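Student: Chains A and B, in that order, give the protein sequences. In terms of the working numbering, the first sequence opens at residue 1 and continues consecutively. In terms of the working numbering, the second sequence opens at residue 1001 and continues consecutively.
You may find that some hints are simply not true.
[Stated by the list, open to error] Derived Cβ-Cβ restraints for the label pairs, each shown as a range:
1) R80/A - Y1094/B: 37 to 45 angstroms
2) G1207/B - K275/A: 35 to 43 angstroms
3) N1051/B - R80/A: 28 to 36 angstroms
[Stated by the list, open to error] Once the Cα atoms are required to be at most 25 angstroms apart in a straight line, the calculated DSS-like pairs of lysine-lysine come out as:
4) K77/A - K1038/B
5) K138/A - K150/A
6) K123/A - K137/A
7) K275/A - K1056/B
8) K210/A - K123/A
[To be verified] Rough simulated footprint, nothing fancy, chain B against chain A, three-plus residues with beta-carbon under 8 angstroms:
9) 42–49
10) 66–76
11) 193–203
Hint data in this document are derived by calculation from the structure and do not stem from the laboratory. Note that the structure is a prediction, hence the values are computed from the model and not measured. Glycine residues also receive a C-beta, built at the ideal position from the N, C-alpha and C atoms.
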Amino acid sequence: MRCSKFFPLFVSAVSATILMGCGSGSSTDSGESGTINIDGSSTVYPITEAIAEEFRTVSPDVRVTIGISGTGGGFKKFARGETVISDASRPIKDSEAKACQENNITYVELTVAYDGLAVVVNKENDWATSLTAEELKKIWEPAAQETIVKWNQIRPEFPDEDLSLLGPGTASGTFDYFTEAIVGESGASRGDYMPSEDDHVLVQGVAGNKYALGFFGLAYYQENADRLKLVAVDGGNGPILPSLNTVKNGEYTPLSRPIFIYVSNEGAKRPEVVKFVEFYLQNAANLVTDVGYIPLPNQEYQTQLEKFRTFVQESQV
Amino acid sequence: MSRHLRNRIQDLIFKYLGIVSTSVGILLLAVFIGSILKDGLGRIDWEFLTNLPSRKAENAGILTAWAGSLWLFVMTAVISIPVGVAAGIYLEEYSVKNRFSSMLEVNITNLAGVPSVIYGILGLEIFVRTMRFGGSLLAGACTLALLILPIIIVATREAIKAVPSTIKEASFGMGATKWQTLRYQILPAAGGGIATGIILALSRAIGETAPVIVIGALAYVPFVPKGPMDEFTVLPIQIFNWTSRPDPAFITNAAAGIIILLGVTFLLNGIAVYLRYRWQKKVSW
C-alpha cells in the first residue's frame, strides 16, 4: 500500500500539525453568539443563504455557516451531530434516519418551499406545446436509447426531424428527481443525451437548436424566459404550465416537489438555532421568491412553525 | 534533391512546428484571460473585495473567500515546507540506497500524480474525523499540505541533484562535516530551485477545489476566520458556487472572482521568479 511507504513523512506532518493545533486558541460554540452549522443540498442552498443573510441584520453575532455537500452528504454530517440543520431536496431515507437514531439524534422535518422542473424547447418550436408524462417517459427511459431519435416517434404529427436532448448530469439532484418522477426509478435514463452540470450550457443548447428538448430547474427558465419556450406537462389532468400558482396548488405534477430543512434536537435546545429556524419560516415566503423558488401558501408556513415549536418543547426534556 | 537541401527543409519544418505548438498554448491562455477580463473586470471594486456573500449578485463579495484562501495558503506553507524540504534532503543526502529507499522514491513520485480528490477523502477520514479537527482551516491546510508534499520533495531533490558534485567533494576535502556541507554549500546553491518548487506547489494548492469541498469547506461563511480552528471557504469554492446559480449576474461575479484568483497565482509565480533570481545572484564559488 502506498500510504505505508509514505508513513514516516506522514507522521512528521501530523506531529507538526498537532503542535500547531495546540498553540492556537480554538473557537467554541458556547456563549450568547454561537455558530449554527448547516450543510446539505445545493438545491436548498440559495434559500438558506438568503435567510442567513437577512438573519445577520437581526442577530449579527450568530455565525451561520452553510455547506453544499448534497442532501446525502448533509444527512451524514447531521447524523453524526456535526450539523444542527440539514438542507434536503428529498425526505430523509430510512438508512439515514437509522443513523440518526443510533446517535440519539431526533429531528423535525420542515417544508420550506417548492421546486419545479421545467421542460423546455426552442422558441421556434411550434409543435410541442404540451407533452404528457407518458410521452416524457417514452423519450427519457433507458429503452429509448438509440431508438427514439426523431420528433415524429413521440407523436406522429410532430416533424420528421432529429430529436436533440439535453439535461443535467447524472450527479445532480435534479437528474435524480426527474428520472424518479418521469421514468419511475431514480437515476434510470437513456445515456445518449447531452448532459451538463452547468445549467447555463443547457439553456444555450436549447436556445440554439430548433429541434432541442431539455429540462432543468424552473428558476433557470424564469431567468431565461425570453430565450426559451416552456412545455406544458400533462400528468393525467390535462396539460399544465408550471408557474407560481400551479406549483403552489399542486396542479403541476409530477414535476414539482417540496424541499425541506431538518432540525435536530440538539439544535432545538439552543436559543440561537430556534431563533434562526423561526426567522426562516417567518421570512421564507418573501425570500424564496427572490431566489427563484416557489413559496408555500402562507398558512402552511404557520403550520410548519407550529410543528417546529412543538418539537422544540419536546426537545427541552 | 540534395541531402543538404533536405536537411534544411527538415530544419524549417521543425522550426514552424515548434512555433505552432508554442502559440497554441499562448493563444488559448490569451483567449481565456481576454474573455474573463471582458466578463469580470468591470465587476471588481472595493466593495467586491470587502463584502460578505449575498443572495443578490450585486451585493455579493469575496472577502471571506480570499481571506480563507490566504489563511489556507499560509498554514499550508507552514506545514508543508519544513516537512517537504527536510524529507527531500534526507532522501537525497542521507538515506542509504537499498530496496526500501528506492521503493519509497518510486512511491513519492507516484503520489504526485494521485488525483487531488483522493487526498480530500484521506483528509476527511484522518484530520476531520479521527483527529477531530472538524471542517476547520487546520484540517484543510493539513490535507493540502499532504497533497503538495510529494511535489516539494521531488523539487527539493532535483534542486540538490543539480548542485555539482565537485562542490560537495571540495567541501568534504576541506574537512567539513555533512551538515556543514549541506548548510553552507548545498542549500544556498539549491535554494532557488527549492523555493521555485515550493511556490509552484503552493499556487497549485490555492487553486484546488475538490479536496477542500470533501473535507467540508463551506459555501457560505459570513465571517473572516480568526484562528486555525475556524470554518472557512476559499476562492475556488466561491467561484464554483456562483457558476451554478441561475441569475446570469452571478456568472459575472464568478468571472471577477477568477480574475482575483488568477491575480494571486500570477503574483505568487512572480515572487518565485524573483526569489530564484535573487538567490542565484548571491551564490558565488
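Student: Are the hints correct? Go through all of them and say.
Tutor: Going down the list of hints, with the structure as the test:
no.	hint	in the structure
1	R80/A - Y1094/B: 37 to 45 angstroms	43 angstroms, holds
2	G1207/B - K275/A: 35 to 43 angstroms	38 angstroms, holds
3	N1051/B - R80/A: 28 to 36 angstroms	33 angstroms, holds
4	K77/A - K1038/B	40 angstroms, violated
5	K138/A - K150/A	12 angstroms, holds
6	K123/A - K137/A	23 angstroms, holds
7	K275/A - K1056/B	23 angstroms, holds
8	K210/A - K123/A	7 angstroms, holds
9	42–49	holds (count 5)
10	66–76	holds (count 4)
11	193–203	holds (count 4)
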